[in-house]
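A.B. asks: Letter by letter, the chains look like this.
2 protein chains.
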Amino acid sequence: MKIIVIGATGTIGSAVADALAGRGHDVVRAARSHGDQRVDIESAESIARMYEAVGSFDAVVCAAGRASFKPLEELSEEDFHLGLHSKLMGQVNVVRLGLARVADGGSFTLTSGVLAGEPVPGSAAFSLTNAAVEAFAHAAALEMPRRVRVNVVSPPWVSETLEAMGRSGSGGLPAASVAQAYVESVEGGRNGATIDARAFR
Amino acid sequence: MKIIVIGATGTIGSAVADALAGRGHDVVRAARSHGDQRVDIESAESIARMYEAVGSFDAVVCAAGRASFKPLEELSEEDFHLGLHSKLMGQVNVVRLGLARVADGGSFTLTSGVLAGEPVPGSAAFSLTNAAVEAFAHAAALEMPRRVRVNVVSPPWVSETLEAMGRSGSGGLPAASVAQAYVESVEGGRNGATIDARAFR
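Here the protein sequences line up with chains A and B, keeping their order.
According to this note's numbering, the first sequence is numbered sequentially starting from 9.
According to this note's numbering, the second sequence is numbered sequentially starting from 9.
Isolated chain A (complex conformation) (with noise of 0.2 angstroms):
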């Protein structure tokens, strides 16, 4: 298959394109900076433009998107709309846009993470659209054409992002565990799910 994967140069992204190209898949690593194709999912310009320079293909998966966290007291406006422009408009425009040229039975598979159902304090942005991003591929399952299908993976804290704020891996889960839901969500036949990426520990 040929598979766009957006944010492939970040963590989640780079193991996701990966491990779908050791399993034979045409990936196209798409990314803001770098990559095969430059893409920024804030932009529904960009995003046209990447599927108008790709052309065919058979999946989208999208590990890209921003949102704030932050205690509430402390979430300005302009906070909640970061993640509701990027996170979860980004990721609705990446469907909306890809709909007319995904071959038949082709997927979108999007990201949200664990914050969506299993609040902490300072997650209310992050919370809010994640959960948003999750129902609105639930919902638009049941109107996608032609067989396509589109789920959401969610992730928990990434060990290698840990790592990164230099805290313990191991409350984590690896990004190479975290790509195997990806990879059912593109080689599977789910369709509305929410994959939690835990499941693949």
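No wet-lab data here; the hints were simulated from the structure.
Computed from a predicted model, the values in this text were never measured in an experiment.
The C-beta atom is built at its ideal place from N, Cα and C for all residues, glycine as well.
Hints may be right or wrong, so weigh each one.
[Claimed, not checked] Quick list of in silico lysine to any residue cross-link-like pairs, SDA-like style, CA-CA up to 25 angstroms:
no., chain 1, residue 1, chain 2, residue 2
1, B, 78, A, 113
2, A, 10, A, 52
3, B, 78, A, 175
4, A, 78, B, 51
5, B, 78, A, 112
6, A, 10, A, 172
7, A, 78, B, 199
8, A, 78, B, 113
9, A, 10, A, 30
10, A, 10, A, 154
11, A, 78, B, 108
12, B, 10, B, 51
13, A, 78, B, 155
14, A, 78, A, 177
15, B, 78, A, 200
16, A, 10, B, 113
17, B, 78, A, 199
18, B, 10, A, 81
19, A, 10, A, 191
20, A, 78, B, 52
21, A, 78, B, 56
22, A, 10, A, 108
23, A, 78, A, 126
24, B, 10, B, 66
25, A, 10, A, 208
[What the hints assert, rightly or not] To give an idea of the interface, some chain A residues facing chain B are shown, with a C-beta separation under 7 angstroms as derived from the structure:
no., residue
26, 32
27, 80
28, 93
29, 94
30, 105
31, 111
32, 127
33, 129
34, 131
35, 132
36, 136
37, 144
38, 147
39, 150
40, 151
Since chain A is already given, all that's left is putting chain B on it; use the hints.
C.D. replies: Here is chain B on its own, set in the frame of chain A:
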């Protein structure tokens, strides 16, 4: 208790205001164009003015906010933004801007809808918005100061709304029953809960 009901001229809001007034509470009926107090939740300035005018209060119920219901392929970016700006951020701002003013042990009660977790074709923007409202309340509840609580009521189709659309009201729940879910949120002890109004059938 002194309780602000936002959207008090709507089908659900008027039933909630009546139910709370019938239980002896001092109800401030707030709405865009009628009632005791003008407020448009799509404007943070309008919400701030309402709180300034009302002064101290014990609880807020919000039964206001718009979102788009359309087939996925017809939903424009503006359609998604309507729900995000109005029903989602409008209600987030009702909490954010009221937090410093609500009485100790007071409460905020927001409105989602059963489409959050039970999508149908056409509900992608609506479901996303409702799920985000629920996740916000769930997360924000962890950070409420001074024993303040925040819940969401999830109403199904309301009988009076169905009848206004020329359909049979028997497929819905009467607004007076839906209102009991809001009474439960305001008078009970729950925090961070999504209260399914169908439990009050």
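A.B. asks: Which hint numbers does the structure go against, in order from smallest to largest?
C.D. replies: Hints 3, 6, 16, 26, 28, 29, 30, 31 contradicted; others consistent.
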